[in-house]
Structure formats: structure tokens, C-alpha cells
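Engineer: Below, each chain spelled out in residue letters.
There are 4 protein chains.
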Amino acid sequence: MTDSRGEGLGWRGEAAAIALLTFAVDVETPVLAAGRRYADHAMAMSHQAYDIRRGLPRLLGILDEFSIKATFFVPGLVAEWWPEAITQIAERGHEIAHHSYTHRPSTGLTHTEERWEFERGMHALNRLGIEPSGYRSPMWAATWRSADLAREFALTYDTSLMDDDMPYVIETARGPLVELPVHWALDDWEQYAFLPEPHLGYAIEPPEKALAVWTAELDGMREWGGLFQLTSHSFLSGRPGRARNLRRLIETVLARGDVEFRTGEQLCAAVLADEAVERRKQEPVQVNEDIYPQW
Amino acid sequence: MTDSRGEGLGWRGEAAAIALLTFAVDVETPVLAAGRRYADHAMAMSHQAYDIRRGLPRLLGILDEFSIKATFFVPGLVAEWWPEAITQIAERGHEIAHHSYTHRPSTGLTHTEERWEFERGMHALNRLGIEPSGYRSPMWAATWRSADLAREFALTYDTSLMDDDMPYVIETARGPLVELPVHWALDDWEQYAFLPEPHLGYAIEPPEKALAVWTAELDGMREWGGLFQLTSHSFLSGRPGRARNLRRLIETVLARGDVEFRTGEQLCAAVLADEAVERRKQEPVQVNEDIYPQW
Amino acid sequence: MTDSRGEGLGWRGEAAAIALLTFAVDVETPVLAAGRRYADHAMAMSHQAYDIRRGLPRLLGILDEFSIKATFFVPGLVAEWWPEAITQIAERGHEIAHHSYTHRPSTGLTHTEERWEFERGMHALNRLGIEPSGYRSPMWAATWRSADLAREFALTYDTSLMDDDMPYVIETARGPLVELPVHWALDDWEQYAFLPEPHLGYAIEPPEKALAVWTAELDGMREWGGLFQLTSHSFLSGRPGRARNLRRLIETVLARGDVEFRTGEQLCAAVLADEAVERRKQEPVQVNEDIYPQW
Amino acid sequence: MTDSRGEGLGWRGEAAAIALLTFAVDVETPVLAAGRRYADHAMAMSHQAYDIRRGLPRLLGILDEFSIKATFFVPGLVAEWWPEAITQIAERGHEIAHHSYTHRPSTGLTHTEERWEFERGMHALNRLGIEPSGYRSPMWAATWRSADLAREFALTYDTSLMDDDMPYVIETARGPLVELPVHWALDDWEQYAFLPEPHLGYAIEPPEKALAVWTAELDGMREWGGLFQLTSHSFLSGRPGRARNLRRLIETVLARGDVEFRTGEQLCAAVLADEAVERRKQEPVQVNEDIYPQW
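Line order of the protein sequences matches chains A, B, C and D. Read left to right, the first sequence gives residues 0 to 294 (numbering that gives the first Met the number 0). Read left to right, the second sequence gives residues 0 to 294 (numbering that gives the first Met the number 0). Read left to right, the third sequence gives residues 0 to 294 (numbering that gives the first Met the number 0). Read left to right, the fourth sequence gives residues 0 to 294 (numbering that gives the first Met the number 0).
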């Protein structure tokens, strides 16, 4: 790739913006992460099992309509509990990426526990023959250790941070990690998650509203040349009306005519090949208790 | 019924989707389930009594306009406190189904207590000459015991779980139980429930918004051949502007031309007669404390 | 008045529905009711003082544009702290009604405390030469004692309960009390109240949305012949964009052509004169601890 | 300036309303104010760092498109941590104002602590060569001490109170302080802030909805001759879709044709020069524990 900025095209080629469709296949894990006792709640478990039974197959069908390849983040426990469904995703040509083992937020874990999540999650995917290159922290709750851990487990990109509209490279002690930034506004959870116990959310918005939020960001990314990364959860966006809304979103992206779809690993490679992309070291925030006494 | 899949038509006949209108006639029970002390709150009690005084009769009138038969879930205590109103529902040709005795969520009860809820609830309906065939857990908070208990009390279908868009059969130890799955997105509570103490909700959405949410699901169910099961609460959807919105929803369903209305028991029979419907055993989720240490 | 139901017209005359505009002039009281310490929060106090400084005069101006008389509910403490502003309301021809002394919800008070609220509130209004005939519980949090207390203080109507769409008469031990029922859906608080500390609410909805909610109820009340009673708070609806929305609501009501405006006391008189209006005794809900063990 | 009310034009000249665009450049401070431990949450920190990396430059670009000068409120700690970015704001011709040192709400601080916030915040801005004339309390959580403290530090206007639609003058013991009143309805936080831990908010509204809320207030301010003061946060409104919405808001203001843009200090001078503007002393609310027993 060559680019007006250098000798080749940059990470987004000639497109005004890049669209990356990502799906979290969390199934039971976000509910169990709120407490093991919720395994006894048959309805809550059924709410999550919708993911594998209906949501995931339907969304795979929508992607096939447009021959779009997407990136699926799968907790290791899900890969162990639902191996056929996860294998199917890969067999249909999509990318599968690392999403911890249990979906517990890393910010509540010790270093040892966070490392265990990486290890078990990787092991579970590997057993299905999957070699993930991407990583996403559960609930996006990354720690300052997460980038190094991702590199320790040979992952080459992360998608948990919110400090940019376009990809950049984190220079970790173990080498470069591409960051593909996310944001709450490009997530379906804020629009669709309703479960009172455990409390996952109280939002039942019409698909039109979600589409309005996402389209505004899409057009902004086209104006400023950014990465439109949408995060959908197959237990949420897999519902019939919402799946149709995802189809409408894809049609909207395509109708713009200047946006191209990529998977996470395709983008990762393009970013690493683009010398104009910013390289930075993570600088953990240091804060004095004289300034903020409250722990 | 004969079907392209076999010798006859399946559970939804030739319709693209089936519409099932269900109503919970909860009256005081969800407030008292939050604490007996709320009996002293005259306004909260009046907010719930609206159900019997205005909401229920108005909604029955709307159904009559279209000669649609619906399914009404009635807690046993409501049947004891408001026998004439409940008898009226049956006399106007609608189905009455079991909805526990007190509307306390089953997930907070012991097995003995949950059983008592089934027994007392059944007894209260029987005393009015009602022999229910359907069951719904209060707040949809089913346990893994609920399906067996439903069969123990000779109920033939349940409507509390969320793992599908279309009916299926649960093979319990006591025989088959038809499951007619529900979802938060097809419920009026998320759009309309506002009561600060006890806190039932903080939502006062315009009817147009509720209609947008429901219509999206309706069209999705038509695309994928599912069950459009709407849950309304007569103390919420019985308000004048919302009752008119229910009329608009029915008109929308009818205008689609390819959706047919059924009651719960009609659907239950159609499902049991359809050999192509999936039969499954419930598999309670087992989870290790090594994986999720937090109870 | 003569009526098709009897010899004269009923409480709503020949109108399809009656519109009653009510305003709560709460100023600082809902914030102080959440804790005396909030008197030290200058911004929270300024948020409430907007009521008298801008909100109330602006809304009085809007009412004058249409020569509509409305009913203003004023806590006694507000009458003591802002006597000129309250006197102004009366001088411009509006009705002033009783709204407790401190705006603490009655459900959190003893009988003696609730009685003290009635007495002090009445005294404060009387000192301004106001003889109220109507009463509204703060936060609508009526107890089963409230109706009797209202009659004890010679009040002839109440507007705190939610069990009807049209007026009725409560037969108290001290004589009849007209009830003009209210509802959360016809209140501006759910659409507009935002104050994090003390937490009054988190809603900043566009005026269009509030108008959609209210217009739906208006048309429902026209269909079923009810009372469209809107509750606005001058510290909320007195903001410029919201005041314009109230104007739009009034224009909407007028454009319907079949709705008439009344004050609370006009309605009270019409209801008492209408023999067809339902008379009922309040029946406090009695609930057994065997049924609801949790207090 | 001469005015129909006196000899010259008043604070808003011949405009129907004045528009004041303000931006809070809070970066990490609102998160750290919720607890020092959140410095360890890499994602939360990245969510805030977006402010300096993308949000602020983008919003500066939007302002340049229209050659509009705005007022930026900057906590002292932000000036210390991000000196180049803050200096840039000033170099591009905008006003920088005082916004405390750490963004902790003043209502939770002692007098000594609140004074320390003023002092450190002023010192940090001064070190960049900035001499602020305006002040805004973090979270608008002003105390009754705040006005005096502002004057003690030679600040000439404040923008934290909500008791008016137009500027007024507070007569403090240390001289006049112009108040430019704010309101929740003219803030982007209520529309856009979503961060679960620490909990900053749960709102992801479409830009269209924010625009509807703001435009309603704009037209109200035009009708009644007020101050349309919009508060945006560069970490929130700096997102692509939202930045475009700010552009749309500016276009809306310009299209009205009768609204003029001012900075805070320009307005402050105009207000001080307008003798018709109301002068008042702050009167802290005194409240008796006999009336409100609960502290």
C-alpha cells in the first residue's frame, strides 16, 4: 500500500472510513460474572442461551447476505460449552478473537487472575483449532497490564480502549500491539440490554434510535477518516427486529459508497504496514493522594 | 394440519408469524411483593387498583372491537380479591392462565414456597371455575424447578423463558410442557412503568416509541417465522393513550395480512400437534466455584 | 346542568373531555425534604429558586395569553417564604390549593406529623387571605388518613390518587371529598427533572417527547370522556423551551375543539352536582403476613 | 451601549438572545474525583484522554469554521498535565476560565479545601500565562462561599447557578461578581455521558435528540431575551457524530439571524456596563430543624 502521506496508501486505503463489525458471543458469561448464583435463574440463563440458539445463527445469516466477514470475540468458557457453534463461526470465514475466559472485568482481578484469564481463554480457543490474533477485555475494562499480557500470549491487536477514532500502535515491552479503539456510542448494549437481576441494563430502545446513534458516528468517521467499529452482542442484536436493524446499518454503510469493511486482523496488518500510524507507549496515570485523598 | 416439513401444516399454519396477545392482571400484587408495608401507601394502591377499575375493562373493549381472543395471566390473590372482574374475562371468551398466587419472583423462594404458590394460585382460579392450562412465572423469574411444578399442576404450557423466537417443547420428568417464549422487548413494563416507591420503574415513554419497538419485532418475526407474543399489564396499558396504542398495534398486525392471532392454549395445542417442533430437556447450568468464585 | 344520564348535564357538560392545568409551586421544598443539609448547596437552591424568579411569572404569562385559569398547589413554607409571588397568582385570578407545609411525603410521616402538615400548610395560606378548597399530597404520596384529614381541614377535593380517569367522590367519615385523579404520565417531572444531589431525577427529554406523551393521553381522555389533568412544576416547566411547549399543549387542546378547561374548584362543584358520579368509601388494603411475610 | 430601558443598549445589544458556547476540558479529573483508584482503570483513563487527543482539536476546528470564539473551563490539574493543549486553546483566540484544580464538587469540601482548589487552580493557569476572569464550580456544585472566593481570586464572573435565564450581578463582600446562569438542559452530559465505573452516566442519545432539547431552549431564549449558554465537554461532544451535531447547532443559531455569539468575558463586560441588570446579594437559605428534622 502506498499513501499520499508516504509511499503507499495508509491503513484505510482509499476509503473515507473503515467499518469493522465485531460481535461478542458472551452467552452465559456476563450473567455468571455477576454471581455464580445466577446459574439457578432459569430465565436469566435462557435469556443468555438465546445467543447460541437464535441470535448467532441469524446474525451469521445477515453477514452472508452481504458476504461481509466480521470479527467475533468469544470467552473461553463459551468455546468450551458451545464448541460446535463457535467452530461454525470460523468455518463460515469469520475471525474469532480472544475475549478472556469468564468475562469478569479485569479491573476487579489481580495480575495473576488476569493472566489466568488470558491463558485459559487462549487454551480454550486453541483446542478448537483457533489461533486468535485479537483481544478485547470483558466490559472493555482493561488494566495497564492488559496490553503486555496480550503480547505475552502472542496477540497482535487489542480493541478495548477509547482514546482515539483511528488505530494506533502501543509499544509494549514485548513488542507492538495494534489498538483498534472502541466506544460506548458504537455498542448495542446501551440501546438494547435489559435484565433486572442481575442488572445488565434497563434499555429497550427502538432499532431506529440505535441506527440514528450509529449513523451519526459513521458520518463523523467518514468526515474525519476514522474507524467505525461497531460492537454487537449476539444475545442482544440477534433478536429479530434488531437483526433487521443491523442489516439496515450495513445497507447504510454500503450506500455511503466510500466506506470499506475489514476484519480485525485485516486491519491489524494494514495498520502495522502503515508507517504513518502513531506509535506510543502507554503511560499509566500516576496520581498523588495529596491531590485525590479518596481512594 | 399438514406441513411442507411433513404431512401437515406446522404450529403456525400458513401464517408468516403468529401473534399472541397476553395480559398480566397483577393489580396490587407486584407492589405488595415488594413489601407488605406498601399496603399503607394509598396512592400506590390506587395506582394498582386502576387495573380493575379502568384498565382491564378498557382493554377488553379494545379486544372486542377486533373480536380477538387473548390470554390473561392472573395471580391467585387477584382472583380472590376481584372475583367478578376475573370471571368477566372468562365470560367474554378469553383464556385465563396461572400467574402464581402472590407475584413474588420464584428465584427468591424455596422449593416449598414455589410449590405453595402453584397450589394456592391454582386453587384460587379453580374456585372461580377456571381450569388454566398455561403458566407464567411472576417477573418471568422462573427457576429450574418451575417446569416440573407446572406439569405437576397439570399445566400444559409455560411462557417465562427467553431462549427462542418460536415455541418448543420441554420434556419434563412429568411429561411435555410447551414453552411459548417471551422477551423484554415485547413487554409494556419497560416502556410505561413509573412508580418511585416501591420502585417499579422510571419509564414514561410515548406510545409511538413502544409501537416502534414492537413493530420492529413483529416484522422480524414475520421474516423468520416466529411467535410475536406481546405482554401488556392492564394497570399500565389500560391508560387511555396506551390503550389506543394497543389498538394501533392490532391494526398494524392486521394490516400486515400474513399474521394470525391465537390464544396461548390454541397455540399449545398446535405446537403439540406439530412433530417438527423441537423437543428438549432443560439442562440446568452447572458452574464451578473455581471458575466463578463469587457466589 | 342536565345530562343524558339523568335530568342534567354531568360533570363535564357537553365536552368530550375536561382539561385541568395544575401547577406545583414547590420552590425549595422538594430539595429540603430530601435533607436539611441541602440548604448549603447554593446551586441546588438556585435551581429551585428559578421557580419564583422566572418559571412562575412566565407560566402565568402563558396562561394569560389564552385567558385560562389554572390551579396552583403551594406548600405552606413557600407561602411564608414567597408571599408576594403567591399572592400574585391569586390576584391574577387563579386558584391556590393546599400542598402540605414542607413537601415531605406523607407515607413517611406519623399521623400527628401528617396532621401538622395540614394545619401549618392551611395556616400559611390563610395568612395570605387564601381559603383553599383543594389538596394534593406531596409526591402524591397519600396515606389512608389523608382523605379524612383533608375533610377535617374543610378541603372539598383531593388530587393525589390514580385509580380512575374521571372524578369520583370519596365518602369519608367527615363527608364527601371529590377526587380528581392524577397520573405519572400527565406530569412534567418524569420528562424534565434532572438534579443529581439530592437526586430528583435524571430526565432531560425534548419538549416534543413530553408533548407526545401528553397528547396521547389527551386523545384517549377525549375518546373515553375523562379528565385530562396535567401537573407541571414551575421550576421545571418554567424554562423557556418548556414554557413554549406548554403553550403548544394548550393550542393542541384548543384545536381539538371538544375539550373545555376548568379549575379544580370549578370541577369540584360540577362533580358534587352530578348525581351520576360514583360515590365510594376508601377501603384500605389489608394484607396478611402469612401471604406477604416481608414487611 | 444604549438601550430602550435607559440611555444605551443593554447586555445583549440588539440581539434577541446571546449565545455563549462553553467547553469543559475535564480530561481525567471527573473520573479521579470519583476515586484515586480509577487511575488504574486503563479504559476509563483512555475514555478521558480522548478529550485531549481527539475531542478538543476537533471542536477547535469546528469553531474555526465559523470564526466563533468560545470559553473553555479548565481544571488546574489539566493545565499541569496537558500544558501544550491548553496553551493552544488560548493561542487560537479563545478564552480560558477557572474550573477548580481537581474537579471535586465543592459541596463535599471544607472551606479550606474549596479555597485550596481556587488557589491551586489559579496558580496552574497563571503558570501558562493565563489570567482567567471567569469561574465555574465542578459539577456546578457551588457553595454559598464560592462567590466570595471567586472575587478573592480576582475572578469577575461565575457560571454555576441556575436561578435565571439572563445574567445578573451578585454583590459579594468583595465586590460585584457577574453570574452567567447555566442549566442541565443546556449541557451535553445528560445526553452523551456513559461510563459504568466510575458511574458518570448511562446516556447514549442520538445527536438529533440533543439538538431538539437545545433548539427548544434557544427559541425560548429568543422569545424572552435570555442567555443561551451551552456547556459541552470535549471528551463527550468531541466524538465525530457529536462534533457534527455541534456544527449543526451553530448553523441553527446562525440561521435564526437574531442571536449573537459572545465569550464569557465579553458578556461579563457587557453586563457590568448595563445598569439595568439586576444586582442582588446572595441569601443563603436558612432552615430550621423543627421544620426539616432530617439532616
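Among the clues, some could well be false.
Facing chain A, according to a computed beta carbon distance under 10 Å, are these residues of chain B, among others [unchecked claim]:
(1) 87
(2) 111
(3) 139
(4) 146
(5) 265
(6) 287
(7) 292
The hints are simulated quantities; they were obtained by calculation from the structure and are not laboratory data. The beta-carbon is built from N, C-alpha and C at its ideal position, and this holds for glycine as well.
Engineer: Please go over all the hints and tell whether each is borne out by the structure.
Structural biologist: Status of each hint after checking the structure:
1. With 10 Å as the threshold, the beta carbon of residue 87 of chain B stays out of range of chain A, its nearest partner Cβ sitting at about 30 Å, so the hint is violated.
2. A hinted interface residue such as residue 111 of chain B counts as satisfied when its beta carbon comes closer than 10 Å to some beta carbon of chain A; here the least separation is about 16 Å, so the hint is violated.
3. The criterion of a C-beta within 10 Å of any C-beta in chain A is met by residue 139 of chain B, whose closest approach is roughly 5 Å, and the hint holds.
4. Below 10 Å, beta-carbon pairs count as interface contacts, and residue 146 of chain B has one with chain A at about 8 Å; its hint therefore holds.
5. A distance limit of 10 Å between C-beta atoms decides the matter here; for residue 265 of chain B the minimum to chain A is near 22 Å, and the interface restraint is violated.
6. Interface hint status for residue 287 of chain B: upheld, as the beta-carbon distance to the closest one in chain A is roughly 8 Å, under 10 Å.
7. Nearest Cβ of chain A to the Cβ of residue 292 of chain B: about 8 Å, under the 10 Å cut. The hint holds.
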